[in-house]
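A.B. asks: From first to last, the protein sequence lines are chains A, B and C.
Quick note: the first sequence, position 259, residue 322 per the working numbering, numbers continuous.
Quick note: the second sequence, position 239, residue 399 per the working numbering, numbers continuous.
Quick note: the third sequence, position 104, residue 109 per the working numbering, numbers continuous.
Treat the hints as calculated values from the structure; they're not laboratory data.
You may find that some hints are simply not true.
Which bits of chain B does chain A cover? Going by a derived footprint, with three or more residues having C-beta under 8 Å, they are [unchecked claim]: (1) 293–307; (2) 393–403.
Only pairs whose alpha carbons sit at most 35 Å apart, straight line, appear in this in silico DSBU-like list of lysine-lysine [said to hold, decoys possible]: (3) B:K426 / A:K677; (4) A:K474 / A:K581; (5) B:K448 / A:K313; (6) A:K313 / A:K474; (7) A:K630 / C:K144; (8) A:K474 / A:K90; (9) C:K144 / A:K474; (10) A:K544 / A:K186; (11) A:K313 / A:K90; (12) A:K150 / A:K211; (13) C:K144 / C:K112; (14) A:K150 / A:K677; (15) A:K581 / B:K426; (16) A:K211 / A:K313; (17) A:K274 / A:K90.
We put the beta carbon where it would ideally sit given N, CA and C, even for glycine.
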Amino acid sequence: MQIQEALIAALVLGPILFGLLILTGVKGPARTGLIVLAALSTIGAGVALPVYTNLSNMVLPGVVTSLGSVLEPLMILIILTIGYRLKSWPVTIMALIQLAFCLAGFVWGHHGDTPDTLLVVDKLAMVMVMIVSVIGSLIALYAVGYMKNHEHHAPHTAASTNRFFTVLIVFLGLMNGLVLVDNMKWLAIFWEGTTLCSFFLIGYDGTTEAKASARRAITLNVLGGLAMSAGLFLAEHRFGSANLSEVMAKGPVTLLPIALLVLATMTKSAQMPFQSWLLGAMVAPTPVSALLHSSTMVKAGSYLILRLSPSLHDTPLAMMVAGAGAFTFVVTSALAIGQSNGKKVLAYSTIANLGLIVCCAGIGTPLAYAAGVTILIFHAISKALLFLCVGTIEQTIGSRDIEDMSGLLFKMPLTTNIAIIGMISMMMPPCGMLIGKWMAIESAARSAPLVLIPLVLGSALTIFFWAKWIGRITTASYHGKYTIESIDAWMRTVLTVIASGVIMASVFAMPIYVLVIKPMCLAACPGGAPGMEISILDNVVDYMGWPMLVVIGAIVLSLVAGTPLFKPSRLRLPYLCGENIDSDETSCAFRSIADAPVVTRLSSYYPPLFGEAKITAWGNPLAFLIIISLFGVLIK
Amino acid sequence: MTLPANPLTIVLLILIVPLFGALLSGIDRRITARSQGRIGPPLLQPLYDIIKLLRKEPLLTNRAQVVYAHLHLAFMVLAMLLLVFGKDSLMFLFVFAFSTLSLVLGGMCVRSPYSRIGSQREIILMVAYEPILILLMVGFYMANNHSFQLSAPMMSPVPMLLVLPLLFVAFLVVLAIKLQKSPFDVATSHHAHQEIVKGITIEYSGPYLAILELAHFYELALLFFFIVLFWSSPIWVGILLASFSFFLMTVVDNLFARLTTHWTFKFMWTSALGLAVTNILWLYWASK
Amino acid sequence: MTNVQKFNKSPWVVHFNCNSCNGCDIEFLACLTPLYDLERFGILHVGNPKHADVLVVTGSVNHRNARVLRNVYDQMPDPKVVVAMGVCSSTGGIFADGYNVLGGIDKVLPVDVFVPGCPARPEAMIDGILKAAQILEAKHSGKTPLAMKTMLIRTPTLASAAAGQEKGAPHA
Chain A
64 MQIQEALIAA
74 LVLGPILFGL
84 LILTGVKGPA
94 RTGLIVLAAL
104 STIGAGVALP
114 VYTNLSNMVL
124 PGVVTSLGSV
134 LEPLMILIIL
144 TIGYRLKSWP
154 VTIMALIQLA
164 FCLAGFVWGH
174 HGDTPDTLLV
184 VDKLAMVMVM
194 IVSVIGSLIA
204 LYAVGYMKNH
214 EHHAPHTAAS
224 TNRFFTVLIV
234 FLGLMNGLVL
244 VDNMKWLAIF
254 WEGTTLCSFF
264 LIGYDGTTEA
274 KASARRAITL
284 NVLGGLAMSA
294 GLFLAEHRFG
304 SANLSEVMAK
314 GPVTLLPIAL
324 LVLATMTKSA
334 QMPFQSWLLG
344 AMVAPTPVSA
354 LLHSSTMVKA
364 GSYLILRLSP
374 SLHDTPLAMM
384 VAGAGAFTFV
394 VTSALAIGQS
404 NGKKVLAYST
414 IANLGLIVCC
424 AGIGTPLAYA
434 AGVTILIFHA
444 ISKALLFLCV
454 GTIEQTIGSR
464 DIEDMSGLLF
474 KMPLTTNIAI
484 IGMISMMMPP
494 CGMLIGKWMA
504 IESAARSAPL
514 VLIPLVLGSA
524 LTIFFWAKWI
534 GRITTASYHG
544 KYTIESIDAW
554 MRTVLTVIAS
564 GVIMASVFAM
574 PIYVLVIKPM
584 CLAACPGGAP
594 GMEISILDNV
604 VDYMGWPMLV
614 VIGAIVLSLV
624 AGTPLFKPSR
634 LRLPYLCGEN
644 IDSDETSCAF
654 RSIADAPVVT
664 RLSSYYPPLF
674 GEAKITAWGN
684 PLAFLIIISL
694 FGVLIK
Chain B
161 MTLPANPLTI
171 VLLILIVPLF
181 GALLSGIDRR
191 ITARSQGRIG
201 PPLLQPLYDI
211 IKLLRKEPLL
221 TNRAQVVYAH
231 LHLAFMVLAM
241 LLLVFGKDSL
251 MFLFVFAFST
261 LSLVLGGMCV
271 RSPYSRIGSQ
281 REIILMVAYE
291 PILILLMVGF
301 YMANNHSFQL
311 SAPMMSPVPM
321 LLVLPLLFVA
331 FLVVLAIKLQ
341 KSPFDVATSH
351 HAHQEIVKGI
361 TIEYSGPYLA
371 ILELAHFYEL
381 ALLFFFIVLF
391 WSSPIWVGIL
401 LASFSFFLMT
411 VVDNLFARLT
421 THWTFKFMWT
431 SALGLAVTNI
441 LWLYWASK
Chain C
6 MTNVQKFNKS
16 PWVVHFNCNS
26 CNGCDIEFLA
36 CLTPLYDLER
46 FGILHVGNPK
56 HADVLVVTGS
66 VNHRNARVLR
76 NVYDQMPDPK
86 VVVAMGVCSS
96 TGGIFADGYN
106 VLGGIDKVLP
116 VDVFVPGCPA
126 RPEAMIDGIL
136 KAAQILEAKH
146 SGKTPLAMKT
156 MLIRTPTLAS
166 AAAGQEKGAP
176 HA
């Protein structure tokens with residue numbers, strides 16, 4: 064028990080402490096040393112916790128609860144101040160309402176002994192802790208190299224790099240706290256904390272665009288925070304408990320606070336119609352996008368909804384949640400096709416996958432739960448890797464537009480190969496993401512056929528933009544030797560480590576499923592499904608082995624069989640009716656009238672069908688109606 | 161009804177199935193020729209083509225092509241094996257889709273505008289027909305006592321065609337796309353069609369083209385076996401159904417002109433999807 | 006044609022027009038029609054030199070298209086043969102004295118079969134391609150007797166056609 068407490072303290076308080084140390088203004092190697100120390104301790108604690116835990120809920124003394132009661136209004140006051148300084152009516156008004164709920168909670172809330180704060184330490188929390196600690200720390204290490212370069216090009220309005228690292232590392236502690244607490248007050252505190260971190264980090268560059276994006280982010284996230292405060296107040300006032308597990312255990316009568324929490328997760332996970340803040344957040348430096356806006360902060364919403372999933376089961380709310388998730392999945396997959404900005408494609412893809420997790424949580428059967436967790440884990444790793452790759456590419460070629468990434472395989476072989484690994488891991492059969500998607504479709508077919516159709520349409524659409532992107536970056540002529548591009552050592556190391564992690568996770572997808580995911584869903588949905596559902600989970604294991612072996616075999620065979628045939632005499636230019644121009648490495652240029660060269664440019668973004676404005680025009684209103692129905696079904 | 165999955169059967173299947181696929185392709189060319197008033201090539205012409213291709217010099221534009229060609233073949237063989245041994249239908253579908261995707265990526269990795277256009281068109285066609293195929297698998301699931309195994313329709317007492325007629329019609333349209341037949345042959349320009357000078361396969365030559373052709377034979381056989389699933393007992397009716405479907409594809413190919421990818425996408429996502437969804441819905445309500 | 010290994014079972018043709026008046030091209034495309042049906046010999050008209058075995062060239066070579074012709078020839082994988090269709094590609098034809106015409110395609114490429122005619126008749130073309138396919142097989146197996154290196158296809162004269170002797174392809 065002692066070790067567990069120590070580790071949890073290291074996970075939550077450690078990063079906060081390190082962050083505050085960095086805030087004191089150290090520079091150079093001292094700062095790097097602090098960051099490395101923070102990263103290593105967080106990774107260490109995060110990996111050690113699942114080993115040393117006894118997976119039972121921990122109880123913290125009442126003083127922690129009192130601290131929470133003080134911190135919560137403090138957080139809201141900070142938001143109020145920000146709203147006032149931004150001169151933003153929505154933020155100010157929402158923060159005031161939140162304050163009102165908080166004070167009302169003081170006045171009418173639970174009086175008597177200060178209850179203990181519960182920490183929930185189960186497998187879901189373990190998984191999230193590992194994701195946050197390991198991937199988050201690695202991204203912080205990447206940021207060391209990235210910010211060195213960024214400092215040279217940053218606009219003069221950018222905040223100081225020390226503050227950047229402070230907020231980044233403090234954020235890790237806040238996330239760890241978020242996934243470990245059961246007490247809703249503390250959940251709200253950490254939730255608002257992550258909102259504030261996101262606000263600062265998005266607006267870090269200080270440009271007009273960054274400030275506008277930060278403003279939009281905080282507006283939508285405070286909406287979620289308001290929903291959470293309202294839910295918290297209702298739970299305490301009507302149902303007398305501030306601990307989430309107790310509220311969930313009370314059964315369907317507590318649906319209204321749970322629905323409010325679901326709304327909070329929708330805003331945090333940027334589901335439609337709240338997706339615009341995540342798109343705007345892409346102006347932030349890449350480590351921010353990788354950490355906050357793909358693998359951890361938005362996953363806080365996924366975590367919460369997976370935790371709420373058992374209590375949604377068999378209620379009318381479940382189908383609405385599943386419907387909202389599926390709708391987001393298909394519409395954002397379509398939106399991603401029409402984008403040529405690399406980070407926006409990744410953002411829409413992230414939102415789509417989060418929608419898939421929300422949908423699985425809504426379906427709520429053990430298989431769906433397993434699907435949700437699988438997608439959670441594998442998406443966090445792969446998407447973080449992809450964002451880091453795009454960041455590296457952007458720093459080297461100066462653009463994040465997919466159209467400018469032709470011939471990248473030759474210019475940046477290491478990064479491109481790692482990016483291909485990342486993209487293929489999002490689509491390919493033996494990798495975890497596809498297994499998760501497969502399980503999601505199977506569970507929808509078994510239990511929720513109406514939701515099935517958007518899932519099916521969306522998964523067809525996702526192939527489109529990944530294939531397009533992979534095709535664009537792998538176009539390259541034959542080169543005898545590839546020279547590894549020179550990028551910062553920190554960035555290169557982290558990219559390689561995470562890429563190996565992606566490969567290992569795909570190779571070991573089967574054991575991960577058996578050891579981690581299956582017991583989780585058995586615990587989360589104990590008796591709520593017929594026995595057939597549970598045995599389905601065993602079948603999943605059968606089908607991971609074949610495709611992996613085939614893929615490895617095919618690649619090995621092709622390289623072995625093909626290598627002796629790679630003679631320079633056997634190389635030819637592409638066929639352009641005999642009018643090849645050899646000079647240009649990346650485009651398909653040919654000689655035309657009067658021997659003048661003509662450059663061909665091909666792209667397929669289909670603005671009439673998949674343009675952002677067009678789809679959002681009908682997508683947002685429909686999504687808004689779904690959110691209203693979410694609450695409408697609760698009216699009896 | 162399902163074959164045992166031992167190594168001997170696997171090896172035999174891998175060796176014999178492409179011959180069957182080559183025969184199907186040869187019959188198709190022969191019927192096309194006869195319907196055009198020509199004599200047409202010998203029935204085993206596709207085999208002669210492959211043997212010739214294997215003996216040619218391998219030319220390359222880059223190294224990645226080879227890997228993608230091998231992946232395409234490997235996944236196609238795996239999909240065929242998953243089908244014949246009656247494994248999970250969604251996994252079969254994803255493996256099959258990834259085989260086509262490997263071909264598309266192979267087309268995109270060369271610096272040729274023709275192959276890029278072919279690849280982009282092929283992606284759009286994939287996006288157009290994937291939902292129908294997934295819904296077809298879900299239809300099998302609902303009609304076969306809630307089992308996602310492909311062995312279930314093989315052993316079903318009721319022929320699938322009677323339970324999933326609309327899905328079968330939608331699947332026939334998908335078949336036309338997969339076989340690269342008019343009116344949907346806009347992407348890969350198989351055989352004599354040259355709108356984009358052979359499209360995806362333009363930069364493959366010699367043995368690598370032979371690999372792609374071989375994968376196409378596996379694909380033909382795979383689609384044939386898949387149609388046999390729709391009437392698996394007695395199996396000769398299924399074979400007749402499959403033969404008739406293939407014959408229908410050849411006839412349609414010779415009647416229709418080529419249509420654009422946009423039209424195909426819209427058609428598949430409205431009409432074909434409507435047929436499929438209707439079938440699924442009545443199955444769902446029947447099972448309640 | 007019983008040995009399945011022979012290249013002449015499946016010669017794939019790519020057709021290139023140098024500066025032809027299109028007469029020979031029209032006649033060549035006529036070979037693909039049901040009346041002459043090249044496909045019964047396994048011949049496919051592929052548009053892409055990388056897939057082709059036989060390069061059929063019509064029209065003569067000039068300064069502009071010499072390099073293009075060479076480029077297309079170089080993009081064909083071995084073994085390959087070249088068929089010069091019509092007198093323009095054989096010798097320059099009636100344009101041989103033009104200021105821009107370099108002559109027949111043998112100025113640029115090693116030609117295996119010359120098919121004279123202006124335009125060459127479809128039967129002669131078919132015969133030429135089939136002879137080229139035999140040369141192809143010989144090249145691949147390494148035995149190329151000198152006599153087979155280059156073949157001249159004789160076209161039927163008006164007199165012999167009027168005499169009604171030959172309807173099909175003549176033999177050299």
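A.B. asks: Please go over all the hints and tell whether each is borne out by the structure.
C.D. replies: The hints, checked one at a time:
1. Here the region 293–307 of chain B counts 6 residues with a CB under 8 Å from a CB of chain A, which clears the bar of 3, and the coverage holds.
2. Residues of the region 393–403 of chain B with a Cβ under 8 Å from some Cβ of chain A number 0, which does not satisfy the need for three, so the listed coverage is violated.
3. For the hint pairing K426 (chain B) with K677 (chain A), the CA-to-CA distance comes to about 17 Å; that is within 35 Å, so the pair holds.
4. Simply put, K474 (chain A) and K581 (chain A) have alpha-carbon atoms about 43 Å apart, too far for the 35 Å limit, and the pair is violated.
5. Distance hint between K448 (chain B) and K313 (chain A) is fulfilled; the C-alpha atoms sit about 31 Å from each other, no more than 35 Å.
6. Proposed proximity of K313 (chain A) and K474 (chain A) is contradicted: the alpha carbons are some 59 Å apart, above 35 Å.
7. Between K630 (chain A) and K144 (chain C), the direct Cα distance comes to roughly 22 Å. Compliance with the 35 Å bound is thereby established for this hinted pair.
8. The hinted pair formed by K474 (chain A) and K90 (chain A) meets the criterion: a straight-line CA distance of about 33 Å does not exceed 35 Å.
9. This hinted pair does not check out: K144 (chain C) and K474 (chain A) have alpha carbons roughly 41 Å apart, beyond 35 Å.
10. The straight-line distance between the Cα atoms of K544 (chain A) and K186 (chain A) is roughly 47 Å, outside the 35 Å bound, and the hint therefore fails.
11. Taking the CA atoms of K313 (chain A) and K90 (chain A), the gap is about 52 Å. The hint is violated against a cut of 35 Å.
12. The suggested pairing of K150 (chain A) with K211 (chain A) holds, with an alpha-carbon distance near 33 Å, which does not exceed 35 Å.
13. Using a Cα cut-off of 35 Å, the hinted pair K144 (chain C) and K112 (chain C) holds, with the two alpha carbons roughly 21 Å apart.
14. Among the hinted pairs, K150 (chain A) with K677 (chain A) is consistent with the structure: their alpha-carbon atoms are about 31 Å apart, no more than 35 Å.
15. Our distance criterion of 35 Å between C-alpha atoms is broken by K581 (chain A) and K426 (chain B), whose separation comes to about 40 Å.
16. The suggested pairing of K211 (chain A) with K313 (chain A) is violated, with an alpha-carbon distance near 52 Å, which exceeds 35 Å.
17. Pair hint K274 (chain A) plus K90 (chain A) holds up; C-alpha atoms about 26 Å apart against a cutoff of 35 Å.
Consistency note: the structure conflicts with the earlier hints numbered 2, 4, 6, 9, 10, 11, 15, 16.
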